[in-house]
Amino acid sequence: MAEAIRILVADKLADQGVDYLRGFAGIEVEVKTGLSEDELAATVGEYDGLVVRSAAQVTAKALAEPGRLRAIARAGVGVDNIDLEAATAAGVLVMNSAEASTITTAEHALALMLGLARNVGPASRTMVDGGWDRSKFVGAQLAGKTLGIVGLGRIGQTVAERALAFDMTVVAYDPIFNAETALDGRVKLYRDFDQMIEAIDVITFHVPLNEHTRGILNAERFARCRAGLLVVNAARGGIVDIPALIDALDSGQCGGAAIDVFETEPPEADDPLRRHPKVLLTPHLGASTAEAQEAVSVHACQQIVEYLRGEGMRGAVNAPGVRLDLDPGQMKYVDLARRMAQLALPMCEEGIAEVTVRVCGADLAAAADTIERIAMVELLNSVLNVPVNMVNVKLAAEQRGITTRTVTEDDARSGSRLSLEIRSGDEMRHITGRIGDEGQPRVMRIGRYAMDIVPAGTMILIMNEDRPGMIGMVGTAMGDEGVNIADMTISRHDHTAMMVVKADGRPGDEVIERLRGLPGILKVAEVTLGEVSSEENPAS
Numbered sequence: 048m049a050e051a052i053r054i055l056v057a058d059k060l061a062d063q064g065v066d067y068l069r070g071f072a073g074i075e076v077e078v079k080t081g082l083s084e085d086e087l088a089a090t091v092g093e094y095d096g097l098v099v100r101s102a103a104q105v106t107a108k109a110l111a112e113p114g115r116l117r118a119i120a121r122a123g124v125g126v127d128n129i130d131l132e133a134a135t136a137a138g139v140l141v142m143n144s145a146e147a148s149t150i151t152t153a154e155h156a157l158a159l160m161l162g163l164a165r166n167v168g169p170a171s172r173t174m175v176d177g178g179w180d181r182s183k184f185v186g187a188q189l190a191g192k193t194l195g196i197v198g199l200g201r202i203g204q205t206v207a208e209r210a211l212a213f214d215m216t217v218v219a220y221d222p223i224f225n226a227e228t229a230l231d232g233r234v235k236l237y238r239d240f241d242q243m244i245e246a247i248d249v250i251t252f253h254v255p256l257n258e259h260t261r262g263i264l265n266a267e268r269f270a271r272c273r274a275g276l277l278v279v280n281a282a283r284g285g286i287v288d289i290p291a292l293i294d295a296l297d298s299g300q301c302g303g304a305a306i307d308v309f310e311t312e313p314p315e316a317d318d319p320l321r322r323h324p325k326v327l328l329t330p331h332l333g334a335s336t337a338e339a340q341e342a343v344s345v346h347a348c349q350q351i352v353e354y355l356r357g358e359g360m361r362g363a364v365n366a367p368g369v370r371l372d373l374d375p376g377q378m379k380y381v382d383l384a385r386r387m388a389q390l391a392l393p394m395c396e397e398g399i400a401e402v403t404v405r406v407c408g409a410d411l412a413a414a415a416d417t418i419e420r421i422a423m424v425e426l427l428n429s430v431l432n433v434p435v436n437m438v439n440v441k442l443a444a445e446q447r448g449i450t451t452r453t454v455t456e457d458d459a460r461s462g463s464r465l466s467l468e469i470r471s472g473d474e475m476r477h478i479t480g481r482i483g484d485e486g487q488p489r490v491m492r493i494g495r496y497a498m499d500i501v502p503a504g505t506m507i508l509i510m511n512e513d514r515p516g517m518i519g520m521v522g523t524a525m526g527d528e529g530v531n532i533a534d535m536t537i538s539r540h541d542h543t544a545m546m547v548v549k550a551d552g553r554p555g556d557e558v559i560e561r562l563r564g565l566p567g568i569l570k571v572a573e574v575t576l577g578e579v580s581s582e583e584n585p586a587s
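So the sequence shown is numbered by the numbering used here: it starts at 48 and just counts up by one.
I should point out that these hints are in silico values taken from the structure, not numbers from a laboratory.
Each residue gets a CB set at the ideal place from its N, CA and C atoms; glycine is no exception.
There's no promise every hint is true.
Per label pair, the in silico range of CB-to-CB distance [to be verified]: (1) 442 x 178: 56 to 62 Å; (2) 515 x 458: 22 to 28 Å; (3) 401 x 499: 51 to 57 Å; (4) 450 x 429: 36 to 42 Å; (5) 534 x 512: 19 to 25 Å; (6) 372 x 458: 21 to 27 Å; (7) 188 x 231: 23 to 29 Å; (8) 231 x 275: 28 to 34 Å; (9) 112 x 313: 27 to 33 Å; (10) 235 x 485: 49 to 55 Å; (11) 553 x 520: 33 to 39 Å.
Input sequences plus hints: build the corresponding full structure.
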């Protein structure tokens with residue numbers, strides 16, 4: 048009987064999320080909220096999966112002994128509370144549920160923008176205090192104003208759509224976009240943030256906090272902007288330089304700021320933002336609607352179950368490009384990559400310095416990153432003393448100076464195929480394969496030798512001098528040792544030859560040593576591969 052999947056819920060989730068987890072046979076769920084860093088570190092290795100929101104701090108210390116932990120699901124967008132570098136190094140997949148709270152977060156940014164433009168916060172406070180002062184709170188009309196959006200992902204695009212409905216002019220800065228416009232030409236894209244800041248009346252941020260975005264709106268940028276710029280930040284604390292913001296508010300260069308996120312949450316009681324008359328504050332409410340709370344909880348729980356059961360991978364933060372939701376044809380190429388890497392290993396006696404994965408065929412483009420990673424896992428697990436997986440394999444390669452790259456090609460004349468090029472020492476090793484018409488994996492070339500073999504079962508690779516009697520000598524040696532030859536493929540090149548011998552069962556070490564001692568034999572290697580199964584999910 049298969050061992051149960053164990054999942055720890057370390058933050059308060061909507062009941063629907065926990066109920067979803069508990070609805071599966073074979074999944075054990077424990078809810079432990081409020082764990083300290085030490086408490087989380089002591090227990091997390093007992094679970095296959097961890098589900099958190101923003102309160103639990105999944106630090107490097109908490110992940111120092113990951114044990115059986117394979118995945119962390121963040122019920123929400125930001126993963127600031129998870130040490131991604133430590134998780135990746137430990138081979139732990141981190142996922143977020145960005146899609147589930149997109150509309151709610153975008154709506155809150157718009158609410159802040161509207162409230163800021165119309166002085167809703169201070170006007171409300173005046174009314175609560177018994178006052179009535181219409182002239183003091185004259186606001187600004189948004190129609191006709193220019194909104195600058197930093198980050199045109201799902202949330203940024205949702206904000207843009209709704210701002211366009213307000214008759215605003217919408218522009219955006221997002222270095223990832225390689226185009227002049229977005230949203231069917233309705234949003235102008237800037238490649239230079241400084242150029243955009245000079246052309247807008249309102250700015251809103253929808254990007255993560257990283258080395259590129261920290262303090263992106265600083266004193267220098269405030270000096271370049273139009274006087275009276277309205278600032279909205281419902282993304283991450285730290286994106287706006289707060290001392291520079293306070294100075295700009297005081298001077299009038301910034302007309303007002305609406306802030307939902309802070310570097311330290313909650314902010315200190317004497318934080319200057321709390322007291323400033325031009326600032327509208329909310330306590331990190333971007334995803335705080337009943338609908339979003341339920342959606343992100345259920346979505347995160349669905350993601351972690353899918354991954355731990357080998358059924359899919361959605362929202363991966365530290366393994367971008369990897370997919371398990373590939374079609375059967377693509378999955379066969381993922382499996383082929385694993386088999387080809389295992390066959391290539393005996394050719395890499397001087398270690399691995401560089402790996403190039405060539406994926407040919409338009410139908411394989413979506414699987415290219417998954418194919419690369421699975422090949423690298425097979426190559427590195429044989430030479431490293433620590434296990435690697437699809438999550439940490441690229442980091443492991445980088446740390447050891449191994450260069451990796453994937454090249455995608457589309458050559459209709461030659462059909463779909465896969466090649467691995469591995470630099471070992473001063474030599475480049477090649478292996479090429481494809482999926483045959485019958486749906487089975489086939490290796491078409493190993494190094495200089497043309498082949499047509501199904502890479503499965505026990506295979507003995509023999510390089511020898513191309514001279515009479517070699518086949519008989521090999522057959523006799525194996526027969527004398529009681530090893531039955533099930534199949535033999537031979538390829539010749541430049542006075543040498545390669546035999547790929549399939550045996551019924553694994554030969555003993557003494558058989559391999561005897562073959563190596565035969566005259567004319569240059570190299571012998573044994574590789575045992577799994578049998579071909581159309582039901583297998585190669586990337587799980």
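Consistency of the hints with the structure:
1. For the hinted restraint 56 to 62 Å between residue 442 and residue 178, the CB-CB distance of approximately 59 Å keeps it satisfied.
2. At roughly 40 Å, the beta-carbon separation of residue 515 and residue 458 lies outside the given 22 to 28 Å, and the hint is violated.
3. Distance hint check: the CB atoms of residue 401 and residue 499 are about 27 Å apart, inconsistent with the given range 51 to 57 Å.
4. Distance hint check: the CB atoms of residue 450 and residue 429 are about 18 Å apart, inconsistent with the given range 36 to 42 Å.
5. Taken as a hint, the range 19 to 25 Å holds for the pair residue 534 and residue 512, whose Cβ atoms sit roughly 22 Å apart.
6. Roughly 26 Å separates the CB atoms of residue 372 and residue 458, a value that falls within the hinted 21 to 27 Å.
7. The hinted range of 23 to 29 Å is satisfied by residue 188 and residue 231, whose Cβ atoms lie roughly 26 Å apart.
8. Take residue 231 and residue 275: their Cβ atoms lie about 30 Å apart, and the range 28 to 34 Å holds.
9. About 31 Å separates the C-beta atoms of residue 112 and residue 313, a value consistent with the hinted range of 27 to 33 Å.
10. Roughly 53 Å separates the CB atoms of residue 235 and residue 485, a value that falls within the hinted 49 to 55 Å.
11. Distance hint check: the CB atoms of residue 553 and residue 520 are about 21 Å apart, inconsistent with the given range 33 to 39 Å.
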